[in-house]
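Undergrad: Sequence:
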Amino acid sequence: MASTIRLSISAAYVILPALLCASAEAQFTRDTTNIPTGNIGFSENVDFGDVDGDGDWDAVIADGGDFGNQQNRIWINQGGQQGGVLGKFLDATAAQFPAVLDDSRDIEFADIDDDGDLDLYISNTAQLSNQSNRWWINMGGVQGGTQGFYQEQTLSRWVNLGVNNPSTKSSIPANLVIVAGGFVDWSCDCDFGDIDNDGDLDLVHSTYGGTFGGQVPTRLFLNTAGFFEEFNPSGYQLPNTTIVPNEPGIWVSGTQQTNTTNSTGANCDVASSALDIDLGDIDGDLDLDILHGARQEVPRMFQNRLQENGGVLTAFRDVTGSAFPAGYSTGDGHYEQEMGDLDKDGDLDIYGLNWLQGGFTFTDMTLNNTGNGVYNSITSLTNSNPDDNEGDFLDYDMDGDLDLFVANFSGQERLYRNNYAGGGPGTFSFTYANSGNMPSDSTISLDADACDVDEDGDTDVFVSNDDDQAEWFLKNGTSANDTFAPVLLALEQAPDRAAGAAPTVVRVQVYDNAPYYITWYNNTDLEYSVNGGAFTAVDMLSSAGQIFRGEIPGALVGTIDYRVRSSDKYGNTGVSTTKTFNASTGCSGTPTAFCTAKTTGNGCVPAIGSSGTPSASAGSGFFVNATNMINNKSCLLFYGVTGQGNAPFQGGTLCVKAPIRRTPGTTTGGNPPPNDCSGVPSIDMNLFAVGGLGGSPLPSLTVIGTVVNCQWWGRDPGFAAPNNTQLSDGLEYTICP
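When the count follows the numbering used here, it moves up by one through the sequence shown with no breaks and lands on 737 for the last residue.
Everything labelled a hint here was simulated from the structure, so no lab data went into it. Hints may be right or wrong, so weigh each one.
[As the list claims (entries may be wrong)] No farther apart than 16 Å at their CA atoms in a straight line, the calculated lysine to aspartate or glutamate pairs in the EDC-like style are these:
#1 K657 with E732
#2 K579 with E551
#3 K475 with D54
#4 K579 with E527
#5 K88 with E527
#6 K344 with D387
#7 K88 with D54
#8 K475 with D441
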């Protein structure tokens with residue numbers, strides 16, 4: 001159950017020299033002296049993140065689970081600003097966490113407000129008492145407080161829960177909304193990722209349902225400046241807690257059908273007993289898909305259709321039936337799964353914990369991604385019959401590939417070595433590696449997370465234990481260091497464009513010999529060059545999964561070369577291929593007519609038009625005109641910057657959305673009397689925008705990228721007041737440089 005992060009802390013690490021040996025077997029030993037004493041609880045989850053921005057890994061622990069309400073905990077690494085020993089942790093819960101008792105199963109890091117520090121999201125269960133998942137906000141950054149100290153903000157961070165009207169579409173029944181914030185649910189794991197590619201982290205909120213019933217839907221919430229509103233393109237609001245067959249799939253195309261194998265978008269199954277979910281780009285199109293766990297049903301796969309729909313977020317599609325081979329999962333007890341590139345072929349393979357069951361025998365397995373999000377090669381792991389609970393990838397022996405650590409519910413944790421040796425796609429396998437590497441263990445373990453907490457060059461493991469048993473710190477004693485650079489693939493090709501205000505968004509896949517919740521911390525920069533000049537670097541942010549996202553300034557003009565550079569915490573650096581696009585000043589503003597003109601009293605049909613280019617800098621030369629207006633009548637141009645309109649107005653249609661502004665008045669001109677259709681008014685909107693015609697032009701008329709809508713209005717004596725006006729159709733254009 002990985003935690004999502006946005007920050008980069010690698011610059012604070014000391015780059016460790018590579019040893020002469022290529023790798024060495026690790027020896028994990030239990031360290032009881034460098035974590036807090038009395039650290040017992042019914043612990044469900046542990047996550048690592050740099051909460052105070054001092055460059056070392058701190059830890060948070062979710063407590064409660066099946067036992068009841070408990071206090072979640074925070075352990076601060078004593079390196080960095082504490083000036084103590086790296087890898088030694090002290091409990092700072094009383095000072096730095098809200099004093100809240102809840103029934104927590106998961107705790108996730110995410111910088112939800114883009115202020116440069118890590119906030120927290122806590123998944124709770126209403127199994128014993130009605131309660132909601134919680135938002136705890138790091139008080140550094142825009143909050144102006146001390147970084148690493150957290151405040152409860154559950155009530156304010158949810159938006160429009162239970163509200164279903166023409167503008168807001170919540171699927172949550174109003175009676176499930178909790179007055180103190182949030183809604184009643186049974187959540188074991190929630191994950192963050194930029195599912196709509198707008199640069200912030202959205203929320204995938206899974207649930208296992210009351211009494212593990214598997215009939216309550218997973219939901220998606222989109223992030224706007226750190227506030228979350230449900231994504232529900234179906235518009236449907238459930239009448240009660242559960243979703244039943246033939247109801248709309250909320251955020252997935254089609255109607256609900258339990259355990260459906262239909263992959264056409266006609267049906268979906270958005271409700272199962274999920275204890276874990278994962279986000280990643282499985283099909284290579286650079287958007288985030290969802291691997292959805294299920295304890296007693298088969299796990300599912302949901303395809304993000306963002307790229308298929310031209311970059312616009314629409315309903316996901318349930319592709320379980322086409323993504324997985326027959327027999328990929330049997331029985332129940334499927335507590336968890338992980339995605340990672342196990343064979344270094346540039347796609348995400350799957351480890352399924354307890355995905356195969358026969359009688360009382362549980363078996364872990366792997367699936368190979370064939371490159372386009374279709375999986376094959378079901379391979380069972382040896383020595384995996386015990387009741388496993390959670391697995392994490394790590395490179396424990398520092399040989400450059402992803403090995404596997406498994407937390408076991410009934411006792412002994414296990415270690416597996418990846419045997420990939422460069423044989424190509426699908427040639428990975430795992431060998432049981434406990435002998436000589438793992439201490440004897442009888443704890444009830446529910447989660448494990450891996451990172452180099454003491455910065456000695458190898459990967460350590462923290463294990464969270466249930467039943468008032470202490471958490472374990474497993475220190476890695478390998479003599480090898482990480483010398484493997486990240487691999488950057490599938491750099492997005494930016495299209496040629498006209499220069500403007502909007503940036504050029506570029507995404508890339510980043511793989512490393514670490515779990516992706518560690519790779520998210522890599523210093524990753526998007527570098528661009530204009531017309532062969534020096535490269536300039538801008539930060540990229542993790543979108544989650546293996547995706548990073550960056551923005552090239554939109555005002556650049558010329559031939560733009562770009563590439564991505566990513567460095568792990570040890571200074572190992574990978575660079576992508578270089579790609580190119582062209583940005584020109586040949587911007588036309590794309591003036592486009594729309595809406596419907598009003599026929600005048602004498603049968604004229606006014607038609608709007610334009611000549612020249614709308615420009616933020618030219619100062620003149622863009623004329624908005626009209627033909628077929630009644631001659632010699634007073635007129636002016638309506639304009640606005642909030643979109644197209646289509647409202648009844650003075651016997652015709654108002655084509656400009658409010659608020660509406662007006663240019664100074666003029667006349668339609670044309671032939672001498674009598675009235676005919678020779679009126680041809682015109683106004684230079686570039687000149688008006690810079691104040692050359694008087695009036696009070698909106699400042700946004702000189703801002704590159706502003707979209708303007710306009711319409712001619714004039715007098716018409718052929719109709720009685722108040723309809724004695726003539727109206728053209730509308731024109732939409734965009735301000736060029």
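Undergrad: Decide, hint by hint, whether the structure agrees.
TA: Structure-based check of each hint:
1. K657 with E732: holds (12 Å)
2. K579 with E551: holds (14 Å)
3. K475 with D54: Cα-Cα ~22 Å, so violated.
4. K579 with E527: holds (11 Å)
5. K88 with E527: violated (37 Å)
6. K344 with D387: Answer violated: K344 to D387 is near 29 Å, above 16 Å.
7. K88 with D54: Given pair K88, D54 holds - Cα atoms ~14 Å apart, limit 16 Å.
8. K475 with D441: It holds: about 14 Å lies between the C-alpha atoms, which stays within 16 Å.
When each numbered hint is compared with the structure, violations occur for hints 3, 5 and 6.
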